[in-house]
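Engineer: As a plain string of letters, each chain reads:
Protein chains: 2
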Amino acid sequence: MRIEVLCTGDELLNGTIADTNSPWFMTRLFELGELVARTTVVGDDRGELISAMREVSARADAVLVSGGLGPTADDLTAECAAGAAGVPLVEDARALEALRARFARRNMELTPNNARQARVPQGAEVVLNPVGSAPMFILGMGRCTLFFVPGVPREYQALVEKEVLPRLGAMLDRQPGRLVRKVRVLKTTRIWESHLDARVIPIAAKHPRIRVGYRTHAPENHLKLLAEAPTREEAERALAAMEEECRAELGDFVFGADGDELAAVLGARLRERRQTLAVAEGCTGGLLGQVISSVTGASDYFLGGAVTYSDALRQAWAKVNPEALERHGAVSEEVARQMAAGIRETTGATWGLSITGYAGPSAGTPRDEIGTVYCGLAGPEGAPAVEKSLFAGDRDRIRRFAAHAAMDLLRRTLR
Amino acid sequence: MRIEVLCTGDELLNGTIADTNSPWFMTRLFELGELVARTTVVGDDRGELISAMREVSARADAVLVSGGLGPTADDLTAECAAGAAGVPLVEDARALEALRARFARRNMELTPNNARQARVPQGAEVVLNPVGSAPMFILGMGRCTLFFVPGVPREYQALVEKEVLPRLGAMLDRQPGRLVRKVRVLKTTRIWESHLDARVIPIAAKHPRIRVGYRTHAPENHLKLLAEAPTREEAERALAAMEEECRAELGDFVFGADGDELAAVLGARLRERRQTLAVAEGCTGGLLGQVISSVTGASDYFLGGAVTYSDALRQAWAKVNPEALERHGAVSEEVARQMAAGIRETTGATWGLSITGYAGPSAGTPRDEIGTVYCGLAGPEGAPAVEKSLFAGDRDRIRRFAAHAAMDLLRRTLR
Chain A
0 MRIEVLCTGD ELLNGTIADT NSPWFMTRLF ELGELVARTT VVGDDRGELI
50 SAMREVSARA DAVLVSGGLG PTADDLTAEC AAGAAGVPLV EDARALEALR
100 ARFARRNMEL TPNNARQARV PQGAEVVLNP VGSAPMFILG MGRCTLFFVP
150 GVPREYQALV EKEVLPRLGA MLDRQPGRLV RKVRVLKTTR IWESHLDARV
200 IPIAAKHPRI RVGYRTHAPE NHLKLLAEAP TREEAERALA AMEEECRAEL
250 GDFVFGADGD ELAAVLGARL RERRQTLAVA EGCTGGLLGQ VISSVTGASD
300 YFLGGAVTYS DALRQAWAKV NPEALERHGA VSEEVARQMA AGIRETTGAT
350 WGLSITGYAG PSAGTPRDEI GTVYCGLAGP EGAPAVEKSL FAGDRDRIRR
400 FAAHAAMDLL RRTLR
Chain B
0 MRIEVLCTGD ELLNGTIADT NSPWFMTRLF ELGELVARTT VVGDDRGELI
50 SAMREVSARA DAVLVSGGLG PTADDLTAEC AAGAAGVPLV EDARALEALR
100 ARFARRNMEL TPNNARQARV PQGAEVVLNP VGSAPMFILG MGRCTLFFVP
150 GVPREYQALV EKEVLPRLGA MLDRQPGRLV RKVRVLKTTR IWESHLDARV
200 IPIAAKHPRI RVGYRTHAPE NHLKLLAEAP TREEAERALA AMEEECRAEL
250 GDFVFGADGD ELAAVLGARL RERRQTLAVA EGCTGGLLGQ VISSVTGASD
300 YFLGGAVTYS DALRQAWAKV NPEALERHGA VSEEVARQMA AGIRETTGAT
350 WGLSITGYAG PSAGTPRDEI GTVYCGLAGP EGAPAVEKSL FAGDRDRIRR
400 FAAHAAMDLL RRTLR
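Residue numbers (numbering that gives the first Met the number 0), protein chains in the order written: chain A, 0 to 414; chain B, 0 to 414.
Hints were generated in silico from the structure; no laboratory data involved. Take every hint as true, because none was put in to throw you off.
Just the calculated beta-carbon pair ranges, DEER-fashion: (1) A:Gln174 / B:Gly328: 53 to 61 Å; (2) A:Lys161 / B:Arg58: 34 to 42 Å; (3) A:Gly296 / B:Asn320: 21 to 29 Å; (4) B:Ala382 / A:Arg366: 42 to 50 Å; (5) B:Asn320 / A:Lys161: 45 to 53 Å; (6) B:Arg45 / A:Thr412: 44 to 52 Å; (7) B:Gly250 / A:Gly296: 39 to 47 Å; (8) A:Lys161 / B:Thr215: 23 to 31 Å; (9) A:Gly296 / B:Pro165: 50 to 58 Å.
Backbone N, C-alpha and C define an ideal beta-carbon position, used for all residues, glycine too.
Taking the hints into account, I'd like the entire structure generated from these sequences.
Structural biologist: This is how it looks when you write it as structure tokens:
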């Protein structure tokens, strides 16, 4: 089955916004085991829209069309769909009633341009929009089914998730000889894609039902396992067997699966143990605290942090002693160790985590070039640990890698 | 002149990565006053690639084709370009020599698959790649010129900037009656797009040479001014006149122009005055410090910050008194005021900036719902100021708006 995507809107062609809807849809579709065959983006232009709709419907079995369903003059999608299909636009009574009710709830009058949103190509199936005003509609053109949804990401995702994907799934299931597909993503840190690949190749050889893919989501590498089998049970069994072997081989390089995020995995472990965390950061400037606290409910275990850009603050908040700063410099193993122990002490947290490094583009020393980062960890037992890393890239990338490395140091300690 | 974009690569169709190259190119092209007419994305598939190349070259005057120029088996672009044009692939001696030299510098042998990258369609103009191995090439097909560049963003941007845009500019300049276009973007905060529009409309009426556009880059709104005139001087003069009136009308809603970022604008004002800054953050969890310190050289004025998730840290680092916490709660005007004054005092900074709020999704109170944020500012003169805001959206969005509002509070004070 050939599936295509058609996005509309001038704002997608003048650099104003990036199309984030399509990657989201593609990821969800990949989980059904399908790839989009082609994506086309056109502006708010009648001729361009009509010819693009005709072209995609001549090539594809199903097309997801987004955007241009709003109330303003440059919203041309319904009109052009009717033009491409050679049918008139007609007012849908249910859609109009839903619009009236929506406006009435807000004590607003339904203006003529809003009422336009109830007009769809004759013969289209209308699906009401639970989170916005523009209804979605489904139109057959030749052997192709076109799904028209709004471009606003919240409305797009709600309708694609609830209405489009189940219909596409049913179309796929009706295909003769169609295999059931299941996907599992294992997320890793601290291992290069080539090394990951080398370790997985011998396992993959034993699991012919599984297709293996990789995705770099720096600093993470993700291993994608896709099982294909005649039944759901066989696909799930094949996937589970492969996953188990991969996890055994990769050990704690794997920090989670599918939708897991490192900060949430770390947070769950801390919450489970009823332990707390505080951080002291240099070059990341607050990023470590920000990522840790991006998890809902992080205040259960995150006490706070110190961003120490000056020596005075390194001493006051992170208890770094002046001699260490003098002798080793602020970016050093010894200072990372003292920051971790110091922040743990001043905050009373179970764990103290620290980062000090050179994020560039200036600074760095003959000993430690730009990209050098020390992560320190102090806990209830033993001496504080320090890991030294060298990250490539620009300031932003080095900071992201540093925050990730610090969280991962604690995650591995909490396994 | 009709310009199209053709992106290739399975990774753009399975949700693995979003195409960030195209929005970048579109922004640069818009500065030449041109829009992309259509974008097409296809996977690594010979049939799909060849038909897409034939279609775009039949429609457009110029096409930017990216991706698929690497050394591996799924890099099919050069081969398919030759197929679409009906010419053989030939080895380019200069490109091969450059590859050899590049590999020799790294003490690596040039393998046959790397040498493949020197093969281009017969008749193509080859442009060496200053930052990678795959050369770019330019191929005419009918009346259309196709520019083939690598998809790796660093290589893509280098080649598009240095080689493609100047050639497109020259093609545009050769068009009869072509007007010179100049663009200026004014960046604003704290004003809605509709209010911005209402204030700009009367000015625009007096400047017929200027086209006005808007872009929401939440929490900022950007005003785009595009001047068109027969000569560069006239375009620049028209733009300068319009800009001056807009700035007078909009006052300190405007924080910068073109590539200016709020954190850098703020940093420049602090550096100019030889003043320093420290921050105390609640719900933003480190984001404020991170954004302020994302500017190169921020350590000249940024001393550091305290992320105070616990009452103990609010008291210890930000000098909030326990009675205020008890009486008003951590999210309150009084605590924001004390945090700003307290962080200024403990760090000795010229300015103390604070944030306390409810980022959600849980918490909030009957008085202050989720999205309520207090930003405090303490400085060398007068009592600390506090601004209260209510931001809509999810946790991430509320945090972003809060950090932006805090920086903007100081920026306006430093005008």
